[in-house]
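Residues per chain, in single letters:
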Amino acid sequence: MADNILLDKVGLRLGGQHFRFDGSLPGGAITAITGPSGAGKSTLLNLLAGFEIPDQGRVLMGGTDVSGAHPSQRPVSLVFQDNNLFAHLDVFTNVALGIHPSLKLREADRQVVLQALQRVGLDGFAKRMPGTLSGGEKQRAAFARALVRQKPVLLLDEPFAALDPGLGISMAKLLLELHRETANTVIIVTHDPQEVARLADYAVFVESGAITLQAPAAEFLARQDLPALTAFLSG
Amino acid sequence: MLTGSEQRWRFAWGIAVLTGIFLFVGAAVAALLSWDTGALPSRFFTAYTWRILQFTLLQALLSTFLSVVLAAPVAMALARRPAFPGRIWIIRLMAVPMGLPVLIGALGLIGIWGRQGMVNSALVKLGMEQPVSIYGLSGILLAHVFFNLPLAARLLLAALERLSPEYWLLSSSLGMRPFSVFRLIEWPAIRRVLPGVAGLIFMLCVTSFTLVLVLGGGPAATTLEVAIYQALRFDFDPPRAIALASLQIGTTALILGAMMLAPGPGDGGVTAGRAMRRLDGVSSPARAWDGLMIITSTLFLAMPLASIFVAGLKADLWALVTSAAFLRAAWTSFAIAFPAAVLTILVSLAIIGARQAIADMRRPGRIMTWLSAVLGATSFLVLLVPPVVLGTGWFLILRTFGNVASFAAILVGLINMLMALPFVMRVLAPAVESHRRQTARLATSLGLSGKRRLWRIDLPVLARPILTAMSFAMVLSLGDLGAVALFGSSDLTTLPWLVYSRLASYRNNDADGLALLLGIICLVLTMLGTAGQRRQRHG
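Keeping their order, the protein sequence lines are chains F and Y.
Here the numbering used here is used: the first residue of the first sequence is 21, the next is one more, and so on.
Here the numbering used here is used: the first residue of the second sequence is 115, the next is one more, and so on.
For reference, chain F alone in the conformation it holds in the complex:
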């Protein structure tokens, strides 16, 4: 079983807003982060990714304190909502950057990239430029890169929000398959309750800069006692 991610009394002030995150995100599972917009979902993800450094407290991954570590030094891969690919580099190069940023590839590395593309359903797309891909294909390429990076944690920031609903479902299926194959820890920010139901083992509710509820997904979706959560689930 993979290690949990620990947020040890993490405090952060951005502009006039205060954030305070405390808790543990289970390793080897899919955890959905939800909440009203502006509540701090993305800030929480940025703290995990290393785009924000906490003022107080620690972030631990795999038992190691990564609070001050540069984003590239953390055991995480990232998939954003968009701009996951460098528009001037072809799909192969974009994925290969996940193996090593210098792009010094051995033959075995090239095979790994091609296999990853094949796995996400982009066989034959290696030479294509991102501009010629659909939104779903771009996200598949981003998944392929996350695969070759082989990091224990995958962070996703509303990765399917820009896609059609149908496409979102099939992409979620792919994510689930990849998760089962690699047994990685997945943290996904989403504003869609159905996505929580489809994907997540656990769910976290973020409200005014703090985690107000953390529960297994089924229990989370059935909760009635938090007004903000009820509004979120019915919205």
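The set of hints was computed from the structure by calculation and includes no laboratory data.
One should not assume that every hint holds.
[Stated by the list, open to error] In silico lysine-lysine, BS3-like type, Cα no more than 30 angstroms apart, as pairs:
hint, chain 1, residue 1, chain 2, residue 2
1, F, 147, F, 193
2, F, 171, Y, 428
3, F, 147, F, 124
4, Y, 428, Y, 239
5, Y, 565, F, 147
6, F, 124, F, 171
7, F, 171, F, 193
8, Y, 565, F, 124
9, F, 171, F, 29
Dock chain Y against chain F, hints included.
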């Protein structure tokens, strides 16, 4: 996000560049102010300086008024005709005067409106006694309108095209007459950008040098900039130059201050993307009026340009191109313009990089926020101290070190660099910012930094805007007469200076030919600089 060492380096470069610019400008101003201060106050407001100041403001005011008032109907006509064959070419034509070296434009105007020009010949044939004069106030106004009407028209057109298409559908379904459309839709849109547009043109006309030098220059038609130049170059009277330069800095500071209060003129970009349906333009009077406006303004702009071409071809171009004078001037021009353009790019990137480094700090603090604002305003503030003033100051400093001519080329290059800075920043800053928005987090998360990011991620994308900005800077420097005017001599002859001296010695034929050559060089550079943009849009 940057690594710590990257952040420190960018910061250091930004500070270095900022210090360099302030030292360069500050030294010039200090040299001016420390010269013979005892006699100064009495020289500020003599009858002479007062007259010059009055004329400077008067011609700028009239030029601005005429440019804007004449541009408005042209912009409205083009907005009401969103699709007709050749429209895009007319709008492109309106961009030409902005990129054209001012001296060449002046020659074209003389070709049409001069004593032997088309207009006056026709007027004489019609039996008119007094032809239109291209010299003096009327000539300066004509030239300023030639250069600024298209600028105003493009900015106003952009403001009109930013209105949502539904406005026009709504206005016609409500049965609005043209005057109501003007009062309720067009005028409010124009009024919003008017202070910015007028302020920009006023500033350009107050600091106008080349046109006034060529078309005015007599005691009755001299602006501050030209008077400074004359005080130094002809009379060698530094105290008078200092008094005039101080007036000039004071005036531009006031205008810039006023402009900062007004909303900006917006972007002159052509927004032909959206389909506009203007049902209010189908009536025959509307068609006739729009046609008249568009054709008149097109002729007004195109004829001087055609005249440059026709007059230039009359010269013995081959003999000119192979003449030692041309080759030497061309070499000098490039030897100044190329390093100046490269330096402009480096300085701009240093400023942008430092601001980015500050923006990346999580809590920049008051000093850093202030520093970032200063960095951003620097490129703008160099407008405060015009080239002639910079040249004057450095002239006074370098005089004590021996022959100024030996430093002149470097000085002209540095002044050209500062002049190009605001334009280059306007191209590069948004390009770098949008590139950063798209790639910064991704590059950081993949551990791309330093040289790797520069070569793989930044340069491939930014090469295009850098080339565009560099071509702008080179064209500006190649066509500039303002900085070189103080130092131009047989030792330092750039192409514009060569054209100007041919013109001054009444060898108009040579001047026309050289102007055509310089115009072609600038056109080719502009085309090279902007060539990839269309391709990029497809890709």
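Going down the list of hints, with the structure as the test:
1. F:147 with F:193: 26 angstroms, holds
2. F:171 with Y:428: Distance of about 72 angstroms is beyond 30 angstroms: violated.
3. F:147 with F:124: 18 angstroms, holds
4. Y:428 with Y:239: 24 angstroms, holds
5. Y:565 with F:147: Between residue 565 of chain Y and residue 147 of chain F the Cα gap is close to 25 angstroms, so the pair holds against 30 angstroms.
6. F:124 with F:171: Answer holds: residue 124 of chain F to residue 171 of chain F is near 19 angstroms, not above 30 angstroms.
7. F:171 with F:193: Holds: residue 171 of chain F and residue 193 of chain F sit about 20 angstroms apart, inside 30 angstroms.
8. Y:565 with F:124: 15 angstroms, holds
9. F:171 with F:29: Given that 30 angstroms is the threshold and the Cα spacing comes to 25 angstroms, the pair holds.
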